[in-house]
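**Student:** Protein chains in written order, with our numbering: chain R, 8 to 310; chain X, 8 to 310.
Treat the hints loosely; a few may be bogus.
Any copy will do: because identical chains look the same in the list, a pair fits if it lies in one copy or spans two.
Pairs of lysine-lysine, BS3-like flavour, derived with a Cα cap of 30 angstroms [as the list claims (entries may be wrong)]:
id, residue 1, residue 2
1, Lys-204, Lys-194
2, Lys-27, Lys-194
3, Lys-211, Lys-262
4, Lys-211, Lys-194
Just so you know, the hints here were simulated from the structure itself, not pulled from any lab data.
Only a predicted model underlies this, so the values are computations on that prediction, with no experimental measurement involved.
Here is how the chains run, residue by residue.
Protein chains: 2
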Amino acid sequence: MSLLVTGSIGIDTVESPAGKAVDTLGGSSIYFAYASSFFTPVRLVGVVGDDCTPEFLKPLHDNANIDLGGLEVRAGSKTFRWHGKYHEDVNERDTVSVDLNVHGEEGPTIPHAFYDSEYVFLANTHPDLQIELLGQLGCPTFVACDTMDLWIDTERDSLMKLLAKVDAVILNDAEARQLTGEMNVVKAGFELGKVVKQYVIIKKGEHGALLFAGDEVFVSIGYPARNVVDPTGAGDSFAGGLMGYLAEMDATDVKTVRKAMAYGAAVASLELEDFSLDRLTELSRADIDARLAEIASITGFED
Amino acid sequence: MSLLVTGSIGIDTVESPAGKAVDTLGGSSIYFAYASSFFTPVRLVGVVGDDCTPEFLKPLHDNANIDLGGLEVRAGSKTFRWHGKYHEDVNERDTVSVDLNVHGEEGPTIPHAFYDSEYVFLANTHPDLQIELLGQLGCPTFVACDTMDLWIDTERDSLMKLLAKVDAVILNDAEARQLTGEMNVVKAGFELGKVVKQYVIIKKGEHGALLFAGDEVFVSIGYPARNVVDPTGAGDSFAGGLMGYLAEMDATDVKTVRKAMAYGAAVASLELEDFSLDRLTELSRADIDARLAEIASITGFED
Numbered sequence: 008m009s010l011l012v013t014g015s016i017g018i019d020t021v022e023s024p025a026g027k028a029v030d031t032l033g034g035s036s037i038y039f040a041y042a043s044s045f046f047t048p049v050r051l052v053g054v055v056g057d058d059c060t061p062e063f064l065k066p067l068h069d070n071a072n073i074d075l076g077g078l079e080v081r082a083g084s085k086t087f088r089w090h091g092k093y094h095e096d097v098n099e100r101d102t103v104s105v106d107l108n109v110h111g112e113e114g115p116t117i118p119h120a121f122y123d124s125e126y127v128f129l130a131n132t133h134p135d136l137q138i139e140l141l142g143q144l145g146c147p148t149f150v151a152c153d154t155m156d157l158w159i160d161t162e163r164d165s166l167m168k169l170l171a172k173v174d175a176v177i178l179n180d181a182e183a184r185q186l187t188g189e190m191n192v193v194k195a196g197f198e199l200g201k202v203v204k205q206y207v208i209i210k211k212g213e214h215g216a217l218l219f220a221g222d223e224v225f226v227s228i229g230y231p232a233r234n235v236v237d238p239t240g241a242g243d244s245f246a247g248g249l250m251g252y253l254a255e256m257d258a259t260d261v262k263t264v265r266k267a268m269a270y271g272a273a274v275a276s277l278e279l280e281d282f283s284l285d286r287l288t289e290l291s292r293a294d295i296d297a298r299l300a301e302i303a304s305i306t307g308f309e310d
Numbered sequence: 008m009s010l011l012v013t014g015s016i017g018i019d020t021v022e023s024p025a026g027k028a029v030d031t032l033g034g035s036s037i038y039f040a041y042a043s044s045f046f047t048p049v050r051l052v053g054v055v056g057d058d059c060t061p062e063f064l065k066p067l068h069d070n071a072n073i074d075l076g077g078l079e080v081r082a083g084s085k086t087f088r089w090h091g092k093y094h095e096d097v098n099e100r101d102t103v104s105v106d107l108n109v110h111g112e113e114g115p116t117i118p119h120a121f122y123d124s125e126y127v128f129l130a131n132t133h134p135d136l137q138i139e140l141l142g143q144l145g146c147p148t149f150v151a152c153d154t155m156d157l158w159i160d161t162e163r164d165s166l167m168k169l170l171a172k173v174d175a176v177i178l179n180d181a182e183a184r185q186l187t188g189e190m191n192v193v194k195a196g197f198e199l200g201k202v203v204k205q206y207v208i209i210k211k212g213e214h215g216a217l218l219f220a221g222d223e224v225f226v227s228i229g230y231p232a233r234n235v236v237d238p239t240g241a242g243d244s245f246a247g248g249l250m251g252y253l254a255e256m257d258a259t260d261v262k263t264v265r266k267a268m269a270y271g272a273a274v275a276s277l278e279l280e281d282f283s284l285d286r287l288t289e290l291s292r293a294d295i296d297a298r299l300a301e302i303a304s305i306t307g308f309e310d
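Chain R with its partners taken away, still in its complex shape:
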């Protein structure tokens, strides 16, 4: 089934204990698109400046499953830039600099050819823009969104309007707590479950993720990764693997979502083994299925 993603596209510089990568391709929608492309054709909607050359975007152009029909290269604008530095403990990072550039201008437009998209992921951006983009679509089967601390802080009303429109929200534990004012992440998840139509998925980084569905909660483990080079994009890769699998299966029941979360964890755990898209571009679906099988074998217990 068709899967559409909108969100940031950036030129990233990342420093981690493993090294430094300067001016590499990044952004939420990029990681999402690449991760989901292993499962289903993906339609990417976003804006870059004319400093984003075809050569720079080569990993996207080279991927037959990513449709760039919604990628606007805006003349005279500059691409969003982010520079982050991870601590020795890579669960902590500082933002060295952010330049909104084209992300501070008018948002992207969804091309007519994408109106019939059935699965949609609204990656983190201003919630008013997320609502507007959603309004440009026909009648999608399943819509999920992400957000960030900035919008929870400054655009709460818009964000709550958005949440009421989506089938699922995929956000991290700190965001879930901030949004609900509830320190217990399980209570926070059930609280958010009253707002969205169907599912709340709370990402806990290396500790996995929680799925809230009605009055039930399920736990998806994080893969115990030894080789963490660059965690940038892991959360978006998780969402990409998850939504990609749902679109591939064209199913959104709890059982399918639970397996989709494991696929998300599998892709994310591979993605962070190198900078930017470097690991994802090496992968085959078989590599992801092998990681999924490994996750299955190390999870749980025989009763």
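Knowing the structure of chain R, use the given hints to seat chain X on it.
**Tutor:** Chain X only, in chain R's frame:
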């Protein structure tokens, strides 16, 4: 099979967002003993002062599965006291006060009747005392120990000697990192696996636990608890459920340890629903089995 535990016994005062409990029964060996008593007979070895009345110790006296033959009530001494205060986020706590009292004096002695103990848990105390107590035992089948930041900081040599003598170490993620200097908790686990005889079990609080066995790592989930009244003793209850099940089964293969960890998570998730031993003393084995079944049903995915 017989299970012996040595460790602290305290008079605790705990403040949490859910309320305050003054001068209640606590200490690592107490939580461990009560948690493991659902699975197997437990032998408790420890020292209290004569301010610890039989009335105060009533939950232990009332538990037919806990053998108090190794409990020394030392005349003229005072019991260890701890006062802790949890933050609104109960993953954070401050120590308001600690009075070592009898724990600053000579350690306990293992009674002759306990020399033949087959399963042994050396809960956190000075590693020299842990080594000495282990030396007082015959030839136990399986010995596990815990430790704390203080000893990692001040008694590293003794602690490393202890670790080389035990079959398993059960410690939390911060301790594993501190002990190895390795920020990646998975690398830290494998590092410690080179020191102990068999298993490294790293507790991650609400996020579950990791088991390191040779070159393999397994993940045990944390139960998504909504009702956290007092996390004090959850880690010791986890260890108690785990070791209790191993002793009950008289088996320590990886498969049994994985199920034992799930039992540990089940008991711990119930324990934190009230202050001190208040929840544990209400429980039956059937309650724990029901929680285990719930953990099984919310873990993993069908592949």
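**Student:** Now tell me if each hint is right for this structure.
**Tutor:** Evaluation of the provided hints:
1. Lys-204 / Lys-194: Only inside one copy: Lys-204 and Lys-194 sit 17 angstroms apart there, 40 angstroms across copies, limit 30 angstroms.
2. Lys-27 / Lys-194: between (39 angstroms within a copy, 21 angstroms between copies)
3. Lys-211 / Lys-262: Cα proximity of Lys-211 and Lys-262: in one copy and across copies (20 angstroms, 27 angstroms).
4. Lys-211 / Lys-194: This pair counts as both: shortest intra-copy Cα distance 15 angstroms, inter-copy 19 angstroms.
Comparing the model with each earlier hint shows no violations; every hint is respected.
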